[in-house]
Amino acid sequence: MGYVREATAKDAFELAPKLRQDDLDEIAAASGREPLNTLLEGIAHSAVPAAVIGDKGEVVALFGVVPTPLAGVGAIWLLGSDGLWTYRWQFLRESRQWIEDLQEAWPILWNFVYAENELHIKWLKWLGFNFTKLHDKWGVAQKPFWEFIRSKPGV
6 MGYVREATAK DAFELAPKLR QDDLDEIAAA SGREPLNTLL EGIAHSAVPA AVIGDKGEVV
66 ALFGVVPTPL AGVGAIWLLG SDGLWTYRWQ FLRESRQWIE DLQEAWPILW NFVYAENELH
126 IKWLKWLGFN FTKLHDKWGV AQKPFWEFIR SKPGV
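Letter by letter, the sequence shown follows residues 6 to 160 in our numbering.
FYI, nobody ran anything at the bench for these hints, they're computed from the structure.
Okay, derived cross-link-like pairs now, PhoX-like style, lysine-lysine, Cα gap no bigger than 25 Å in a straight line:
| no. | residue 1 | residue 2 |
| --- | --- | --- |
| 1 | K138 | K148 |
| 2 | K127 | K23 |
| 3 | K138 | K127 |
| 4 | K127 | K157 |
Given these sequences and hints, build the entire structure.
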C-alpha cells in the first residue's frame, strides 16, 4: 500500500467496477443503489473522504466519516477492492491510527454492517468497535445488519 490521500470523484469511478463482492452485496442490501452512486455520495458527504492507494497508484479502497446531526458522532464507512488484500498487513496496522485520528473530530463512530460481510466484521472488531444490535430486517432488502459503535476512550 502506497499511501492514503483525500478522495476525489475520479477515485469512485476507478474503484466502482473493482469492488469486492461482499461490498457489492452490502450496498445492494442496504440501499439497492448503484455502487458508483454510493461511492460518489460517500465522498460528497464525508468531511474528509480518503482514498487508499496501492503501490502502482491504483485505488484499492475509499473511506470516510459522514457527520451526523449529533455533535461528535460520525457515520464511518469503507468500501474496497480485492486489491486491498495485497496490502492487508499495512492496512491493518495503519487503520488503527486512522481510527484514532478520526476520533479527534468524531469521538463516537457508528454505522451498520451487513451481517454476511464477515471480513468487515472481523476488521471492525479488531479495531475495537462494539456490535450493539443485530437488526434482522434492515435496508431496502430487509437483510440482517449489525449496528456497531466505537467511542473514544474517556467519552
